[in-house]
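Based on the sequences and whatever the hints tell you, model everything.
Residue numbers (numbering that gives the first Met the number 0), protein chains in the order written: chain P, 0 to 558; chain Y, 0 to 164.
A couple of the hints might just be wrong.
[As the list claims (entries may be wrong)] On the chain Y side, residues computed to face chain P include the following (Cβ under 8 Å):
| id | residue |
| --- | --- |
| 1 | His27 |
| 2 | Arg29 |
| 3 | Leu30 |
| 4 | Trp56 |
| 5 | Glu77 |
| 6 | Asp113 |
Quick caveat, the hints were computed from the structure, so don't treat them as lab data.
Beta carbons: idealized from backbone N, C-alpha and C, even for Gly.
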Amino acid sequence: MRRRLTFSHRKIPYTSPHFLGVIGLSGMSILILCGDAPGLSYTHKVEGQVSLAGAKPGRDLAPEGIKITAEQIKEVRNAISKGESVIQLNVREHDGKSFKIDVKTEQIVPLNSGNSRNKLRVEKPAVSNPSKPLPASCSIYQATDLLAQGIPVRNRTVPLNTGAESRSPASPPSTTDPLSLIQDIASNVPASELLRGAELAHASNEHHSQDDQKHVAEAYRSSSPSELQARLEQAHESLNEAANAMDSPTLTALDPGDKARFKNMYLNAADKAQIAAQTLRASRTPAGLPALAVPSENPLTQFLSQGAQNTSLPNALSTVKNMLGLGGSDVKSDSIPAKANSNDGLVNRQILFHGLPQDQANQVAAKLHFAEPLQVPFGEGKTQAIKLLHNGYLFGSLKTGMDCSSFVSSLLPADVRKTKFTTLDFRVMWLYARTGTFPQEGQYSRERRELIKQTSSAFIPINLEMGDHLGPGDILVYRMPSVLDGHVFIVKQYHPESLTVDTIEASQSAGTLRERTVQLSVDPITAPVRFFRPGYFALRLKPVDNRACMYKETKKVGL
Amino acid sequence: MTPKARFLCALIVIIHSASAVFAVEINHERLRMANTFQSPKEVVQYYCSRDAQGFVWSGLLDLERSAFTLWKSVPQFETFYIARKYDVGQPERIGHDNNHVQIEVKYDLIGSGDMNGARAPASQKNYSVVFELMRIGGVWKIQSPEPGSLPPVLLESQVKAGQKE
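Listed below in structure tokens is the structure:
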């Protein structure tokens with residue numbers, strides 16, 4: 000029996016994210032997503048079948064008993080492309096007015112649901128309606144999970160992935176409707192600006208580290224080999240002292256995680272300085288003397304055994320300069336110098352900085368972006384002022400760094416950015432936005448509680464486990480109630496088929512801003528059902544509701 | 000130069016070097032910039048030793064990654080496992096290829112946590128990692144597991160409980 004499949008939507012004000020209608024199929028589901036305005040929810044109803052009106056977002060709307068095979072999908076698409084049949088979207092406003100929109104062939108993709116359904120065919124509509132292009136914001140989304148429904152990146156189509164039929168890349172949906180474009184731009188501005196800010200901060204972070212590297216390296220531009228060797232040996236001792244200082248319980252300015260991280264960084268730098276100094280020393284060994292006898296278990300032999308002791312001074316100098324990223328015309332190497340904002344780059348910078356005489360070090364430190372002043376205790380109640388060089392990340396931010404929470408807080412719009420929000424704050428906002436109840440967690444003062452409540456109204460809570468999808472500019476938070484700390488990311492792109500998300504974050508272990516792909520599920524990608532890792536949730540800045548565009552579009556279709 | 004002068008110079012050089020080596024230093028597995036290990040077990044022992052002392056968690060250096068592994072990236076984890084001890088097994092040849100071996104490292108886990116003091120008990124006490132190594136150009140390097148599936152494992156003695164102040 001031929002049936003006509005129609006979709007309809009009702010406008011509801013800002014109560015839910017965009018919503019999808021799904022046709023259940025044999026082993027596959029067709030997913031059509033239209034998110035052309037905030038607050039819209041879509042249901043679909045198959046004539047003669049159970050109505051799913053009122054179904055909640057994120058739930059599979061595949062009607063019971065509906066099944067379509069891969070061959071039938073192909074048949075449907077061919078029929079539509081030839082104009083023999085049509086799948087229509089019924090758009091119904093609150094005032095009861097409605098209009099139909101024809102779904103294009105490239106806007107139909109299979110969704111691997113794993114469920115079996117009865118057959119469904121698309122029939123030629125009895126009434127010929129003028130074909131209207133879907134609003135530009137209607138997109139097609141492919142998901143491999145029954146519950147993985149939500150809002151995709153706007154205006155993006157995902158090609159078929161059945162393997163059972165040949166396919167060509169889907170053509171991008173039409174974006175020629177200026178009103179839809181304006182509407183999309185207006186509604187996407189907050190999230191787009193947040194993501195753009197994160198990308199700029201990332202680029203700026205790299206630039207600052209490069210600047211710092213140049214300032215420190217400049218002090219070594221005209222160093223002789225003997226001077227360089229002396230500085231490296233001084234750096235070795237100074238870095239070991241700095242590593243010891245990180246173990247001091249009275250050093251409270253730094254977070255314990257950062258103390259451990261910098262201690263290891265200082266140790267690495269001290270080892271590398273020693274190797275570099277030994278390389279130069281061995282090359283300057285007076286002729287005729289026996290090679291330096293070093294036990295084989297000494298890590299330095301790994302360099303000396305390569306013939307460093309027989310290396311000429313110019314070669315040794317070139318090798319050491321390359322090791323430290325000093326460059327120069329006398330450096331002969333095919334290796335790529337370490338990036339300034341990498342751990343390797345920071346180790347090199349630390350070696351060079353700690354090898355400088357005190358007065359020169361003070362002059363260089365004044366020019367550095369990422370140099371945190373610290374008072375380090377060194378016994379008998381005395382303290383020593385040092386400059387802690389870093390790549391942008393310091394837990395608690397301090398004066399010159401930032402952590403993940405302050406990074407994200409700094410990107411919020413001015414009217415939202417009242418203070419630095421922690422991951423606990425974000426979690427409470429999410430819960431309050433969803434439930435309307437302020438959770439009794441932690442110690443919140445009345446003022447802070449009111450600020451959290453007020454700020455939460457600027458966000459849409461995204462529930463991954465209910466099928467909501469992440470979008471660019473979303474704030475992804477990891478926070479478990481039982482854990483003291485969490486983490487927060489800025490979403491660049493979400494991959495629902497693999498449950499991974501490309502993010503920008505301020506990472507403690509990396510010590511800088513970086514891009515990273517986060518896996519939201521530990522289940523293998525081939526598993527029939529994949530669960531989200533607990534503790535992840537997201538917040539989306541509310542779109543701008545441009546009622547002028549909505550009104551004009553409504554008027555355009557004669558409603 | 001007379002033999003006596005030559006001996007004095009050598010003595011000065013040796014003493015200077017020894018003093019540089021034995022200056023105030025924290026006992027740790029020293030950074031190696033080149034892979035001169037002759038056996039694959041030494042490579043795994045070096046990696047596990049560095050890992051146990053937190054050098055993988057705090058950021059494996061790129062020069063180590065290229066010298067001792069075939070990875071394109073480094074492990075990036077904010078949290079880590081905590082072990083009481085670990086044992087590096089013997090290399091086992093994979094198939095008939097003398098340049099491809101695997102080595103199992105067994106850990107006695109006591110929990111997981113982060114450097115800010117958060118701790119959770121271990122879901123499994125016995126945890127093992129099978130490293131696969133390949134010999135390329137006469138040098139053994141770690142091929143697998145991939146860095147994304149190799150969380151750091153620190154020794155209990157290296158992790159201070161309740162570090163959060």
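We went through each hint and held it up to the structure:
1. His27: holds, 6 Å
2. Arg29: holds, 4 Å
3. Leu30: Check passed: Cβ of Y:Leu30 comes within 4 Å of chain P, closer than 8 Å.
4. Trp56: Cβ of Y:Trp56 sits 6 Å from chain P, so the hint holds.
5. Glu77: Interface hint status for Y:Glu77: holds (6 Å vs cutoff 8 Å).
6. Asp113: holds, 7 Å
This entry satisfies every hint, going by the numbered hints stated previously.
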